[in-house]
Amino acid sequence: MHIWMTAVGVGLFVGLAGGGIHAGQRGAGPGQMGAPAGTPAAPIGIIVGRVVDAAGGQPVSDAQVTVMMRAAQAPPAGRAGAPGGGRLRLFTGADGRFVVRDLPAGNVQISVQAPGYLNGNYGQTAPGIAAGRPVVISAENRVVEAVVRLWKHAVVTGIVTDEANEPAINITVQALRRSFASGRPRYGLGGTGRTDDRGVYRIAALAPGDYVVAVPQTQMTMPAAVLDAAMNSLMGGELLSASVMGAAAAGMGSGGGVGLRVGDSLISSSSGALPVVSGDGRMAAYVTQFYPSAGTIGDATVVALGSGEIRNGIDVRMPLLPTVKISGTVNGPDGPLPNLQVRLLPAGAALTADAVSEVARGTTAADGSFVLLGVPVGSYVAKVLKTPPPPMPAAIANNPQLRAMMAGRFGGPATPSDALTLFADVPVSAERAVEGLVITLSTGATVSGRVDFVGSAAVPPTTGLTVALQSIVGTPLALRPARVGDDGSFVTAGYPAGQYFLNPVGRLPGWFIKSAMVNGVDALDQPFELSAENIGNVVITAVDRQTGVSGTVTGGTGAGVEGTVIVFPAAYREWITRGMPQRVLRNVRAQTSGAFSMMGLPARDYLIVAVTDADIPDLQNPAVYDALARAATSVTLIEGDTRSVSLKLAQVVR
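Number 23 in our numbering belongs to position 39 of the sequence shown; there are no gaps in the numbering.
Treat the hints as calculated values from the structure; they're not laboratory data. Accuracy of the hints is not assured; some may be wrong.
[Claimed, not checked] Label-pair restraints from in silico Cβ distances:
| no. | residue 1 | residue 2 | range |
| --- | --- | --- | --- |
| 1 | T617 | N154 | 21 to 29 Å |
| 2 | G279 | T427 | 42 to 50 Å |
| 3 | P320 | I153 | 39 to 47 Å |
| 4 | S353 | N521 | 38 to 46 Å |
| 5 | G290 | Q566 | 27 to 35 Å |
| 6 | S277 | D625 | 52 to 60 Å |
| 7 | N571 | D625 | 20 to 28 Å |
Idealized CB from N, CA, C, for every residue including glycine.
With the hints as constraints, model all of the structure from the sequences given.
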């Protein structure tokens, strides 16, 4: 079995693979895949691979190809070939080609790395966020031509200037990648840069996509005593609790801990641009700015970056505004609470982007007091959230030093309120200085109920099932899911007020979750309102009959073809407004024969469409569904039945 394919070996292979292979390629068989010793499976398949640039189609040479093999079944005794699983690494030749020979039946995962490119996988249709799919080797599919597309890194660059149009030096700039979840935009950190002495920044190694460029300017204030105590303890070799370490770290910011001392407080900035204090004690501060000159992320200009694109001239000017001081106290059920974060957001700010929209942040002192310095005049919401610490892992609990260090992050409650979720959202009008603001935390409400089984099959254990709440906006909360007991009952942790879906997770062999009724609403499909009152009598119903759709995808000649089948509700506009619950959205890859199957769908009216790889959209983006609906076929699913449909690959025009 040869690792390097010779020119003679390639020539013998051309007739089998359909031609087009050159001696510059590299190839191997799975005998070198590093699999554990065992009886090998019979080799029956070959992958003829090619790695290309996604934008231009040019071959990518010297790309590292990793092949993971998962055999379909145990091989017959005494047969030669690869064991039931293993890994092979090889490199493409000058023409971007590679060959893997002597493969047993099963699934093969192909991933690729190359300098200047994002990592890619076979079957990937978009950069960064789209997953790949396996190559299937079978008796009917012995020779597979696998093309892997790679996208080049993109770059964004520009100049940041201050209020006097002078270069802003050593300032953090962020490229926030826009995606979608629950029908709403989400902004995740794609890359970070810092300005040089010319005010120039450059953010490289970005995945192609849509971005918002921001200069974040959260003003962070913390009691000087917190940082002083932390530093003195460290200098003395003492251990710090997790709560004190967290409070100290939160007050330093990304400016490397550099800040100003103003009275009994320390102030720093997330960008490194410190407030300006005049001789009369008045303070002015820079505020978060989005390209080109927007104060909120919703008004920012979206920068679309293509594969390998370098976008110049994405310049941002930082406004300097007069500020006021906000001070007050945070109280919980047992009195003032120390070491909590008080976050200030603009009134009406998008909850999906609240981290980057944060204007100011403060840390409560030992007596629960807080100060927010450098707050521009405006209307805000002060947000405080305290969640209970998770149980302490045994490895930490059994180590006295680690136990002392992690106190406050893990372990049982020291007071009854430590076991509660506490929160507050308080409107603040900061037209002038605000003093004596009292923020009283409310207790999060719980949701409780039971799991009912409706059917004739044997009822499975419920101890592997968990139940959590999923907010329709914002960042998921770090709350432990509720475990369903032996009797089918559950009680969730306390959650802040808001709109939620119910999210049961776990295996119930032979059973399927049909509904989760909360106050007359099926919370699997429609969000329910959680207020200050606990919600009880929730019923999660599981059934033992599947509902689904299956069929065949055909091409222009009427023969079965590969494609991606997408199913979504017929009333998709209403579904989008409800937050796009995912259990009624499915996509599945049709096999080489065109066959596909989707099971476990709720009974209702759907639209179904089959598309090519080039037409697979971001299914979390609500803007794609009008185009999909125009090309789709209607199908009605009845509970417990499986509908069969025949689909043709559709041309989706967006």
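Taking the numbered hints from earlier one at a time, note which ones the structure violates and give those numbers from smallest to largest. Violated hints (numbers, rising): 1, 2; every other hint is consistent with the structure.
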